[in-house]
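*Asks:* As a plain string of letters, each chain reads:
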Amino acid sequence: MSDVIAKRQTAEVASTPRVGVTVQTANQAADALGHKMQVEDFSLYYGAFKAISGINLQIVEGRITAFIGPSGCGKSTLLRSLNRMNDLIPSVRTDGRVLLDSTNIYDPRVDVVELRRHVGMVFQRPNPFPKSIFDNVAFGLRRLKLSKSELEDRVQESLRRAALWDDVKDRLKTPATGLSGGQQQRLCIARAIAPEPEVVLMDEPCSALDPISTLKIEELMMDLRGRYTIVIVTHNMQQAARASDYTAFFMMNEQRSGEMVEYGPTGTIFTNPQDKRTEDYITGRFG
Amino acid sequence: MKTLNMARYRRRKLVDRIMRSMTVVATLLALIPLFLILGYIVIQGASAISWHFLSTDYKVPELSLDGSASDVGGIRYAIIGTLLIAGTATLIALPIGLLAGIYLSEYGKGRFASFVRFATDVLSGSPSIIAGVVVYIVLVKTTKEKYAFYGSVALALLMIPIIVRTTEEILKLVPQTVREAAVALGVPQWKAILTVVLPAATGGILTGIMLAFARAAGETAPLIVTVFVSNSVEYNVFGSMGSLPMYIYRTLDELTSPEQYKVLWGAAFVLTALVLVVNILVRVATRRRV
Ligand SMILES: Nc1ncnc2c1ncn2[C@@H]1O[C@H](COP(=O)(O)OP(=O)(O)OP(=O)(O)O)[C@@H](O)[C@H]1O
Ligand SMILES: [Mg+2]
Numbered sequence: 028m029s030d031v032i033a034k035r036q037t038a039e040v041a042s043t044p045r046v047g048v049t050v051q052t053a054n055q056a057a058d059a060l061g062h063k064m065q066v067e068d069f070s071l072y073y074g075a076f077k078a079i080s081g082i083n084l085q086i087v088e089g090r091i092t093a094f095i096g097p098s099g100c101g102k103s104t105l106l107r108s109l110n111r112m113n114d115l116i117p118s119v120r121t122d123g124r125v126l127l128d129s130t131n132i133y134d135p136r137v138d139v140v141e142l143r144r145h146v147g148m149v150f151q152r153p154n155p156f157p158k159s160i161f162d163n164v165a166f167g168l169r170r171l172k173l174s175k176s177e178l179e180d181r182v183q184e185s186l187r188r189a190a191l192w193d194d195v196k197d198r199l200k201t202p203a204t205g206l207s208g209g210q211q212q213r214l215c216i217a218r219a220i221a222p223e224p225e226v227v228l229m230d231e232p233c234s235a236l237d238p239i240s241t242l243k244i245e246e247l248m249m250d251l252r253g254r255y256t257i258v259i260v261t262h263n264m265q266q267a268a269r270a271s272d273y274t275a276f277f278m279m280n281e282q283r284s285g286e287m288v289e290y291g292p293t294g295t296i297f298t299n300p301q302d303k304r305t306e307d308y309i310t311g312r313f314g
Numbered sequence: 247m248k249t250l251n252m253a254r255y256r257r258r259k260l261v262d263r264i265m266r267s268m269t270v271v272a273t274l275l276a277l278i279p280l281f282l283i284l285g286y287i288v289i290q291g292a293s294a295i296s297w298h299f300l301s302t303d304y305k306v307p308e309l310s311l312d313g314s315a316s317d318v319g320g321i322r323y324a325i326i327g328t329l330l331i332a333g334t335a336t337l338i339a340l341p342i343g344l345l346a347g348i349y350l351s352e353y354g355k356g357r358f359a360s361f362v363r364f365a366t367d368v369l370s371g372s373p374s375i376i377a378g379v380v381v382y383i384v385l386v387k388t389t390k391e392k393y394a395f396y397g398s399v400a401l402a403l404l405m406i407p408i409i410v411r412t413t414e415e416i417l418k419l420v421p422q423t424v425r426e427a428a429v430a431l432g433v434p435q436w437k438a439i440l441t442v443v444l445p446a447a448t449g450g451i452l453t454g455i456m457l458a459f460a461r462a463a464g465e466t467a468p469l470i471v472t473v474f475v476s477n478s479v480e481y482n483v484f485g486s487m488g489s490l491p492m493y494i495y496r497t498l499d500e501l502t503s504p505e506q507y508k509v510l511w512g513a514a515f516v517l518t519a520l521v522l523v524v525n526i527l528v529r530v531a532t533r534r535r536v
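Heads up: the sequence lines are chains A and B, in that order. Once you know that position 90 of the first sequence is 117 in the working numbering, the rest is easy, because the numbers rise by one and skip nothing. Once you know that position 259 of the second sequence is 505 in the working numbering, the rest is easy, because the numbers rise by one and skip nothing.
In case anyone wonders, no lab produced these hints; they're calculated from the structure. Given the structure is predicted, the values throughout are model-derived calculations rather than measurements.
Listed next, the in silico DSS-like pairs over lysine-lysine satisfying Cα-Cα at most 30 Å (straight line):
no. : chain 1 : residue 1 : chain 2 : residue 2
1   : A       : Lys77     : B       : Lys418
2   : B       : Lys437    : B       : Lys355
3   : A       : Lys158    : B       : Lys437
4   : A       : Lys172    : B       : Lys437
5   : A       : Lys158    : A       : Lys243
6   : B       : Lys390    : B       : Lys305
7   : B       : Lys437    : A       : Lys200
8   : B       : Lys418    : A       : Lys200
9   : B       : Lys355    : A       : Lys77
Sample of chain B residues facing chain A (criterion: CB under 7 Å; computed from the structure):
no. : residue
10  : Thr423
11  : Val424
12  : Ala427
13  : Ala430
14  : Leu431
15  : Gly432
16  : Pro434
17  : Val442
18  : Ala446
C-beta: ideal position from N, C-alpha, C; glycine also.
Produce the entire structure from the sequences given, and follow the hints as far as they go.
*Replies:* Structure follows, in structure tokens:
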């Protein structure tokens with residue numbers, strides 16, 4: 028009982044985006060291994076097609092959760108369900124619940140715009156705005172009506188956390204499209220974490236990058252771990268094994284709907300999978 | 247190793263050549279008259295241009311007994327009139343066209359949107375006199391006045407479909423991923439459109455607006471039925487006003503000697519140059535400051 032109240036309080040503190048305060052609370056919550064998000068009996072349809080079916084999953088606060096599985100099994104669909112990006116597609120219909128802390132984000136009373144401020148997203152392909160580097164990072168901060176120097180501090184801090192500051196500090200006013208692919212992706216991460224969301228979703232953030240940029244982004248994820256709850260989709264088994272705390276494995280059933288086969292601590296999934304299909308997949312025998 | 251089929255290759259190369267020359271010939275056929283007209287306007291028009299021509303107003307030519315050409319004055323009032331009428335038309339057409347274009351590109355999915363698309367396509371191909379007649383029936387008949395403003399309304403009717411469709415097409419070129427990125431940062435959709443999608447498309451949208459402006463600036467028919475012509479400089483759009491197309495149209499009847507005809511080329515040249523100058527000014531003023 029008191030546990031629940033404590034969790035509520037941390038959630039409230041964490042949702043006020045103030046630098047410095049969040050670090051502490053996020054770590055406390057992580058030590059208690061609270062569930063930041065819970066997916067309950069969740070299904071999603073594109074028109075008549077059931078793309079994912081009956082998913083149950085808890086996402087641990089302050090930790091990195093990886094979604095793995097063969098192409099088309101609904102990893103992106105599930106990930107985009109966590110901040111309701113699928114709302115942009117008209118034919119989408121959902122069943123079940125997704126809780127953020129204790130709120131069902133599919134409750135009609137929930138404001139999606141507000142939700143996405145708590146649950147940010149990094150996409151597969153770097154997608155900087157055709158604006159300056161500074162304006163890209165500042166984009167999600169504009170609504171906070173910060174003073175000029177506060178805004179500059181927040182932008183700088185986000186770029187530092189995204190390990191990009193040294194690369195761009197002399198050209199903040201130049202177009203973001205002039206950066207390399209890896210730099211652009213780190214810029215997109217800086218942009219996503221600048222408004223201090225509690226959860227950061229990443230859909231194959233390294234698939235368009237070279238191995239060195241990939242490693243940089245993995246290091247970056249490890250730095251962000253604790254402060255943010257991270258969910259990452261990846262096709263790279265080593266990446267999932269190296270850089271995640273928990274792994275969920277998905278597969279299509281006979282109706283071509285995505286289902287979760289197995290979920291657990293990454294170490295267990297990779298060394299001692301309970302399901303034959305998980306073992307086959309991670310050892311590269313199919314998929 | 248199988249031998250390559252040389253005969254086939256030669257044939258294919260020949261067909262390729264024929265097709266290519268046909269496209270070149272067709273292009274030339276289409277463009278040569280245009281270049282001739284443009285060249286003629288520039289040569290004839292430029293020689294008519296003088297400070298006197300640009301800075302004075304129209305003078306009805308006097309009949310001279312010895313057959314020498316009398317001064318017909320200049321086109322200052324018509325330049326100002328065209329800028330005012332077409333400018334006012336742009337002010338009316340711009341918000342409507344832009345918003346409708348945004349609607350079609352960002353929200354328009356259903357039957358209604360398809361209907362709007364179809365309607366704008368039909369409208370952008372309809373003869374300009376129809377816009378004049380509509381304004382004549384709705385405004386001129388009911389108020390029993392012919393204002394420059396009514397001409398602007400008629401021209402705006404011609405501009406709106408052009409602005410709507412170019413805006414829609416250009417906005418659709420902005421990658422979906424950029425919209426998603428903005429929405430994922432927790433801004434409402436309208437704000438994402440305003441702060442990310444529109445700025446990314448400024449160049450193309452401006453081109454559409456300039457196309458529409460160019461069309462409006464040169465239209466004559468709608469003005470004939472909606473605006474009383476004045477032969478002096480006017481600034482009140484709720485009154486009579488001159489304009490370059492009307493100058494050309496009206497002066498044709500009043501000129502007495504072939505020598506005077508060159509003012510027509512001068513006016514045509516100025517009209518063309520005007521559109522170009524406005525285009526350049528708009529582009530300089532709105533140049534991206536990233
Ligand atoms: N917008 C959409 N409309 C209709 N069907 C879709 C849409 N997006 C995805 N799907 C379908 O839903 C299923 C799951 O797609 P999803 O993109 O979630 O798979 P994924 O696991 O992310 O695959 P990948 O690893 O290739 O990215 C696929 O069968 C796909 O064809
Ligand atoms: Mg995917």
